[in-house]
Amino acid sequence: MTTAVQPAGGGGQLDRPSSSSLADVIDTILDKGLVIDAYVRVSLVGIELLTIDARVVVASVDTYLRFAEAVNRLDIADSDEKQGLPELLDDMNEGGAKSKTKGALEAAGEKLRDAFGGDDEEEEEEKASSSRSRSRRGRG
Amino acid sequence: MADVAEKTETVVYVYGIVPADVEIDSEARGVGDPPAKVTTVRSGDIAALVSEIDPDRPLGTPEDLATHARLLDGAASEVPVLPLRFGAVVSNVDAVSEELLEANREGFLEALQQLEGKAEYIVKGRYVEKAILNEILEENPALAELRESIKGKSEDATRNERIALGEKIGQAIAAKREADSRRMAEALASLDVQLSPRDVTEEQQAVHLACLAETERQDELESVVDELAAEWEGRVEIRLLGPLAAYDFVVTEQAGA
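Note that the protein sequences, when read in sequence, are chains L and X.
As numbered in full-length UniProt numbering, the first sequence has no gaps in its residue numbers, which increase by one up to the final residue, 140.
As numbered in full-length UniProt numbering, the second sequence has no gaps in its residue numbers, which increase by one up to the final residue, 257.
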């Protein structure tokens, strides 16, 4: 899904800054360009630091942990976005209550209700069944 | 020679080499504090863009860096420029003209001719974290499983698994970077340009490429990059910098070749 080719609507996505950021500049002028023999030695301030910052990214345990963390965060953000379970549940309840033709949906809804102990207009039956299952579980 | 003494004397900061007929905006100011006027030192057909600086004041503040780049990039959109690496300082204007310009005349002239009408452009792409991680998890069920197995457990207890997961994610990103960089390079190769891949400078970098193109055909370059940017929308954020001085396409030749 993510690699799908989207219609190239032409323009808009490309960022075309009118000037380089400091990071861009550091990437460029500190280790590219002609080198001449500097006849005069002038001390450079902060360059060392900046250069190290801009250096090639070296993978480290910290990097890995950060990636792992990002992946875990992703999970949470994702389910929020995709339509969280509670929402899904509501939709299904509604479908089930409104029309008996949505058999599959209804069944799915019931399954979910079972799993989450949800309540709706079929409260009585629901309660009965969930208490039944509870007691079954209790006894088993 | 031995003029180590005279402390108050200024030295000459050199930005780059340009054709001798270049005119400098009289408002242009250089690196250092206070910033001095930018001028040229000429020698025959070529000239150096320079400004005076105080040798006792360290260089390299963000302003200095920005100034160096801005001057060269500004010039590069109009004339060929050979950019010097940041921090080139020569003792005085005579040394610039004799030891720098005259000593390297041939090489500089030839390089300037090659850059005529051209400038550098940099394509930088950055993965949108969420999108790229989702893509990777979808393509690698094993990673998705690993993530599930870690979920909800304490960080300490799963440290090793987390490191393993992160490492594999990092590898997957690197593989994507390679493929996407190639893709961009191939797209650009359809134009008559020179390419120079750059080092990776960010973990989430997708593309980092320098490209030497005719400034007159900048439109074509933009549309090629834009097309990929559109295709990758939501997945890779792409920036196109330029016209810039040709930092990635000048080579230092030793011994006055």
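Check before you lean on any hint, since a few could be wrong.
Label-pair restraints from in silico Cβ distances [claimed, not checked]:
#1 Glu23(X) to Ser19(L): 34 to 42 Å
#2 Glu69(L) to Glu23(X): 23 to 31 Å
#3 Glu69(L) to Ser223(X): 22 to 30 Å
Listed next, the stretches of chain L that the computed footprint assigns to chain X, with coverage defined by at least 3 CB atoms under 8 Å from CB atoms of chain X [what the hints assert, rightly or not]:
#4 24 to 35
#5 60 to 68
Don't read these hints as lab results, they were simulated from the structure.
We put the CB at the ideal spot given by N, CA and C, even for glycine.
So, going through the hints one by one against the coordinates:
no., hint, in the structure
1, Glu23(X) to Ser19(L): 34 to 42 Å, "22 Å, violated"
2, Glu69(L) to Glu23(X): 23 to 31 Å, "55 Å, violated"
3, Glu69(L) to Ser223(X): 22 to 30 Å, "38 Å, violated"
4, 24 to 35, "holds (count 12)"
5, 60 to 68, "holds (count 7)"
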